[in-house]
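Peer 1: If you want the building blocks of each chain, they are given just below.
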Amino acid sequence: MLPRVGYETVKQSTREEQWAAWLRLAIKGDAQAYNRFLVDVTPQLRRMARRRCDQFGAPASEAEDVVQEVLLAIHLKRGTWDPSRPLGPWLATIVRNKLVDSLRRRGRHVNVPIEDVADFLKAADETHEAADRIDTETILARLKDPQRDIVRSISIEGQGIRETAARLKMTEVAVRVALHRALKSLAALYRSE
Amino acid sequence: MKTDDLITLMTHDAPVSMRYSRVLALALGASVVFSAALLVGTVGLRHNMASVFETWRVLFKIVITLVLAVLAARLAVRIGRPGAEIRLTALSLGVPLIMVVAAVVVELSVLPEDAWRASLVGQNALFCLFFVPVLSLAPFAGLFWALKKGAPENPAAAGAAAGLAAGAIAAAIYAWHCPDDSPLFLATWYVIAIASVSAVGALLGRRWLRW
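Chain order of the listed sequences is U and Y.
Under this note's numbering, think of the first position of the first sequence as 1, with each following residue one higher.
Under this note's numbering, think of the first position of the second sequence as 1001, with each following residue one higher.
Calculated directly from the structure, the hints in this document are not laboratory data.
Watch out, some of these pointers could steer you wrong.
Said to hold, decoys possible - With a straight-line cut-off of 30 Å between C-alpha atoms, the simulated DSS-like cross-links for lysine-lysine are:
1) U:K184 / U:K169
2) Y:K1149 / U:K144
3) Y:K1148 / U:K28
4) Y:K1149 / U:K184
5) Y:K1002 / U:K28
6) Y:K1002 / U:K184
7) Y:K1149 / Y:K1002
8) Y:K1002 / Y:K1148
9) U:K28 / U:K144
10) U:K144 / U:K184
11) U:K28 / U:K169
12) Y:K1002 / U:K144
13) Y:K1149 / U:K28
14) U:K169 / U:K144
15) U:K169 / Y:K1002
16) Y:K1148 / U:K184
17) U:K144 / Y:K1148
18) U:K184 / U:K28
What the hints assert, rightly or not - Covered stretches of chain U, as calculated for chain Y (at least 3 residues, CB under 8 Å):
19) 18 to 24
20) 62 to 74
21) 93 to 102
22) 147 to 161
23) 175 to 181
Said to hold, decoys possible - Here are some chain Y residues the structure puts well away from chain U; computed CB gaps all over 12 Å:
24) S1021
25) L1111
26) A1115
27) A1195
Backbone N, C-alpha and C define an ideal beta-carbon position, used for all residues, glycine too.
Sequences and hints are given; from them, build the entire structure.
Peer 2: Written out as structure tokens, the structure reads:
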């Protein structure tokens, strides 16, 4: 048993170092490193969120909302991580706080028929995301004007900042600012739900 | 919305505009300068500051408010950082508390009993209660602005810490004007003023510092 624990710990810490390295680059503006970080962190978050939602009997789509909320918290608060310190304690605290917060808010209206739980157990492949509970159009409808176009352009149509700016006749800086605001609005939207 | 789409959005927003440590430094630096200028520009420094500086009561008043301001600001700075150590930082506030209690005991033992009342009431108690909160406005606003960008685990506690730090900074600035030097005065009116700002911070923090 012991060697296995040791092995897991080593694996955990190298992964943490890798995440820290990516996030350090991301803060300086390396989008590719940031993407690697987010793509690698998400399945872990998903596993945690599903385990918790499972305890409440909440559907996987709710767990996916929780995952998105935690991701947004990591994104909007990443400036509070001091890159000269280890990432683990920061990440664990922020994930735990948001997870608890998000589940508590949802806990009030958790009422799931048993068949749904059974279905969920059959389809418990955590690397695949569940059906989105709030669909993109609903979210877009609640965003203000330049933000909506920018979110649509980047997330759905897969355009970059430059193409989006050119098409909307905005400067790249304005697009970046609006995108950041849109992400803040998304977080607020989840909070108010 | 698909999580992959969300990740795409966040990827395009990779750079951090201003790191949290800089936000905090800016908030504290600018607000301290502003409040100090406010004191100098309105009521001014105490006219006989140089001559009274060597008396232990004045020195104590300057040092204790400064110690409290530094320790409380340290707590406010850490409380918005997930995973930062805050328990020992909070406990360190016991140091100025013990210093005040000790100074009160000394003051009571050196002053004759019939002078206690006059020392406690002082000359300017009401002004102290008014001006310390006024001087705390800028650091209060600055720290709230900064903490809004932070991620405090407990918003009410973070607001209280911000209020405590703002009140203590204000007191440390006001001490350079204040004509009342007795630790009895300090332990009463300064404490009431700082505690009020901290209480307001807790109330506003509960509402404003959620994230």
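Peer 1: Work down the list of hints and note, for each, if the structure agrees.
Peer 2: Evaluated hints:
Of the pairs offered as hints, the one joining K184 of chain U and K169 of chain U holds, with about 23 Å between alpha carbons and a cut-off of 30 Å not exceeded. This hinted pair checks out: K1149 of chain Y and K144 of chain U have alpha carbons roughly 22 Å apart, not beyond 30 Å. A distance of roughly 22 Å separates the Cα atoms of K1148 of chain Y and K28 of chain U; the hinted pair therefore holds under the 30 Å criterion. A C-alpha spacing of about 11 Å is found between K1149 of chain Y and K184 of chain U, which places the hinted pair at or below 30 Å, so the restraint holds.
A distance of roughly 26 Å separates the Cα atoms of K1002 of chain Y and K28 of chain U; the hinted pair therefore holds under the 30 Å criterion. With a C-alpha separation of about 17 Å, the suggested pairing of K1002 of chain Y with K184 of chain U holds against the 30 Å cut-off. Between K1149 of chain Y and K1002 of chain Y, the direct Cα distance comes to roughly 26 Å. Compliance with the 30 Å bound is thereby established for this hinted pair. Proximity of K1002 of chain Y to K1148 of chain Y is assessed by CA-CA distance (about 28 Å); at most 30 Å being required, the pair is judged to hold.
Distance restraint check for K28 of chain U and K144 of chain U: the Cα-Cα separation of roughly 28 Å lies within the 30 Å cut-off, and the hinted pair is therefore satisfied. For the hint pairing K144 of chain U with K184 of chain U, the CA-to-CA distance comes to about 12 Å; that is within 30 Å, so the pair holds. Of the supplied pair hints, the one linking K28 of chain U and K169 of chain U holds, its CA atoms being roughly 27 Å apart against a limit of 30 Å. Simply put, K1002 of chain Y and K144 of chain U have alpha-carbon atoms about 20 Å apart, close enough for the 30 Å limit, and the pair holds.
For a cut-off of 30 Å, the pair hint linking K1149 of chain Y to K28 of chain U stands: about 18 Å separates their Cα positions. Taking the CA atoms of K169 of chain U and K144 of chain U, the gap is near 17 Å; set against the 30 Å cutoff, the hint holds. As the CA atoms of K169 of chain U and K1002 of chain Y are separated by approximately 27 Å, the hinted pair is consistent with the 30 Å bound. Only pairs whose Cα atoms come within 30 Å are accepted, and K1148 of chain Y paired with K184 of chain U is accepted, the gap being roughly 12 Å.
Among the hinted pairs, K144 of chain U with K1148 of chain Y is consistent with the structure: their alpha-carbon atoms are about 22 Å apart, no more than 30 Å. Simply put, K184 of chain U and K28 of chain U have alpha-carbon atoms about 20 Å apart, close enough for the 30 Å limit, and the pair holds. Residues of the stretch 18 to 24 of chain U lying with their CB closer than 8 Å to a CB of chain Y number 0, which falls below the three-residue condition for coverage. As drawn, the stretch 62 to 74 of chain U meets chain Y at 6 residues by the rule of a beta-carbon pair under 8 Å; at three or more, the given contact holds.
Requiring three or more residues with a Cβ within less than 8 Å of a Cβ of chain Y, the coverage given for the stretch 93 to 102 of chain U holds, as 3 such residues are present. For the stretch 147 to 161 of chain U, the proposed coverage by chain Y is satisfied: 7 residues have a C-beta within less than 8 Å of a C-beta in that chain, meeting the threshold of three. Against chain Y, the stretch 175 to 181 of chain U contributes 3 residues with a C-beta closer than 8 Å to a partner C-beta. That satisfies the three-residue criterion, and the hint holds. For S1021 of chain Y, the condition that its CB be more than 12 Å from all CB atoms of chain U is violated, with the nearest at approximately 7 Å.
Look at L1111 of chain Y: its CB is around 48 Å from the nearest CB on chain U, clear of 12 Å, so calling it non-interface holds up. The beta carbon of A1115 of chain Y sits about 51 Å from the closest Cβ of chain U, which is more than 12 Å, so the claim that it is off the interface holds. The claim that A1195 of chain Y is not at the interface with chain U holds, since no C-beta of that chain comes within 12 Å of its own (minimum 28 Å).
Violated hints for the displayed structure, listed by number in ascending order: 19, 24.
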